[in-house]
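Student: Sequence:
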Amino acid sequence: MKTNIPDILDYEEKIFKTRRVLQKAVRFSLDLMEARQTALLYGTDATKKMFLPPEQWDRGVIHKFDRRGIKGLISKFFGRFVLTYSEFTHVKLYKIDESGERVDNDGIIAYVLKNFTDYYKKGIRILIINNIDEITDKDDEFSYFSTLPVLSFNGRDFENLKGLKVNRAIVRKFNAKNFIIAYVPDYGVLAVNTANPELLRTDSKEFVHDTELKKRLNFLIRAIEMTSIAYLGVAKGQRAVQLIWRKERYLRKTSAQLEKQKLYLKAVGGIEERQLKMKPLLTDQGVYAFVDMVGSARIRQLYSPEDYFFITNVYRQIVSNAAALYSCRVGNFIGDALFFQNVSVFDPENLDYVPDLKERTMLMILVLVTMFRELDQLVKGMHPIDIDARVSRLLKKWHQKIFLRSGIECGSATIGPVGNKHRMIITAIGEAVDNASRLEATGVANGIHMSKHIMEILQKAEISKETKVLYEILTQKNSCLCKMFEKECISLKKNGHISFFDFYKSGFAACGDIIRIKRNVRYKEFSCDRTYLLQWDRKRKPQQRVCFGI
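Position 355 of the sequence shown, counted from 1, bears residue number 355 in our numbering, the numbering being contiguous throughout.
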């Protein structure tokens with residue numbers, strides 16, 4: 001087996017300087033895999049036009065191919081004639097059955113062309129069918145197709161796919177020992193017929209030359225990626241514009257998804273390199289909250305581990321979504337408890353101002369009440385995150401309910417990275433964090449236990465254009481919040497401001513008082529003569545379920 005395989009860097013340099021992009025790709029893959037023959041098939045329909053959108057493809061047509069030896073030289077002179085008149089020039093993706101219905105056609109190339117969306121989204125993968133002659137020889141000699149095991153390579157690992165059917169006539173025609181097939185984005189497929197059998201030799205179902213094979217397959221993936229881009233230079237006119245727009249549209253969509261994912265990861269505890277390298281700092285402009293599930297020990301004993309973790313993970317997903325929605329952050333998961341933070345360290349870099357304590361407090365309150373509201377929907381079997389209402393059915397089975405208890409405080413804390421070089425987190429330590437924990441532990445189910453300081457802030461707080469983060473969230477076009485608070489958002493846009501409690505009462509409570517005073521709270525070293533309980537739903541009476549926890 002060769003050790004001097006083609007240089008991928010040399011290929012990268014040349015592929016963008018030549019007009020013979022496809023010929024270069026075919027020759028590179030032929031040499032790289034030491035194959036007998038390599039072909040490129042473009043996707044099209046009955047018009048046989050190139051550059052059609054993949055959604056319109058109903059066949060693959062051989063466009064370029066290369067062979068070794070004398071046959072390779074002959075193909076240079078008579079290749080176009082062979083491509084025109086060979087019975088194997090076309091690979092149909094569909095066929096008409098006896099009832100006249102269009103159904104999927106068999107064959108590995110047809111399979112790849114039909115599943116282009118899956119390959120595009122998940123990155124270029126390479127399918128390998130090995131030891132074809134050994135398997136097809138065992139089949140009925142009159143059978144048209146043979147079902148063969150297929151391996152998929154994603155750049156790291158091999159994965160077994162379901163068996164796919166291969167046309168025995170093609171196998172016999174080209175005396176194929178193996179096939180390597182890959183999707184070329186917006187073009188079609190690359191098919192390698194009979195790569196070096198030594199390269200694909202197996203022992204106990206493992207490749208003998210595993211490292212070497214993976215190296216070459218990764219080179220092939222890189223070559224396909226480059227070919228797909230360099231191929232744009234071949235397109236001309238309107239088709240070229242359409243092709244470029246398809247790629248641009250996909251890149252824009254992917255970019256938006258990545259940005260959304262990046263924000264979500266930050267909300268559930270993800271940190272950036274600049275935060276890992278930060279020096280610990282002391283701040284009094286942070287808001288902290290703790291949430292705990294009341295009676296979780298009883299629920300854990302009643303349900304199987306699988307069901308218990310399903311319930312708690314759905315609950316965690318709800319609170320994580322709420323944090324992401326209101327630009328807050330889940331600082332940590334502690335068993336079935338959660339620690340929330342809203343502090344300047346985690347503000348977006350592109351934010352052109354620093355939210356004050358009032359805005360941070362309002363955002364944190366909205367995280368907590370949104371969490372309570374959505375958990376109520378979950379328990380009733382009405383939440384879209386659990387479309388099968390599995391949580392509701394599990395709770396009804398043992399006559400259980402889910403209650404959350406929360407506490408919130410603002411003020412002084414030290415923020416900084418803790419851990420080691422293998423696993424670092426950014427956490428907050430200080431009086432405000434401790435007080436939030438104590439307020440949660442002495443709170444009641446389905447209520448937000450607040451300090452006197454938080455209450456004073458909320459009484460003076462209002463939503464306006466000055467609270468930029470919150471204002472943008474609430475007035476964002478077509479947002480779920482805008483629909484939830486339709487009247488309030490109209491008033492907000494019209495008047496430019498609205499009292500937080502006026503906004504809160506109409507959005508989350510039916511009527512009446514939403515604040516309840518709690519006196520002489522004592523827990524460990526924490527004590528306070530007056531605290532406040534904020535109700536998220538006036539129709540629910542606060543329940544005196546207290547489970548002293550974290």
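Keep in mind that the hints were calculated from the coordinates and are not lab data.
Heads up, a few of these hints could be off.
[What the hints assert, rightly or not] Cβ pair distances, simulated, as ranges:
#	residue 1	residue 2	range
1	Leu-302	Leu-251	45 to 51 Å
2	Leu-302	Lys-465	28 to 34 Å
3	Arg-530	Val-354	28 to 34 Å
4	Lys-14	Lys-465	26 to 32 Å
5	Lys-401	Pro-149	48 to 54 Å
6	Ser-152	Ile-425	54 to 60 Å
7	Ile-387	Glu-225	45 to 51 Å
8	Ala-256	Lys-92	22 to 28 Å
Small disclaimer: the values here were computed from a predicted structure and weren't measured.
Beta carbons: idealized from backbone N, C-alpha and C, even for Gly.
Student: For each hint, tell me whether it holds in the structure or not.
Tutor: Structure-based check of all given hints:
1. Leu-302 to Leu-251: 45 to 51 Å: Holds - the Cβ-Cβ distance for Leu-302 and Leu-251, about 49 Å, lies within 45 to 51 Å.
2. Leu-302 to Lys-465: 28 to 34 Å: violated, 50 Å
3. Arg-530 to Val-354: 28 to 34 Å: Between Arg-530 and Val-354, where Cβ atoms are some 31 Å apart, the hint holds.
4. Lys-14 to Lys-465: 26 to 32 Å: violated, 56 Å
5. Lys-401 to Pro-149: 48 to 54 Å: holds, 50 Å
6. Ser-152 to Ile-425: 54 to 60 Å: violated, 36 Å
7. Ile-387 to Glu-225: 45 to 51 Å: Since the Cβ atoms of Ile-387 and Glu-225 sit about 37 Å apart, the hinted range of 45 to 51 Å is violated.
8. Ala-256 to Lys-92: 22 to 28 Å: violated, 36 Å
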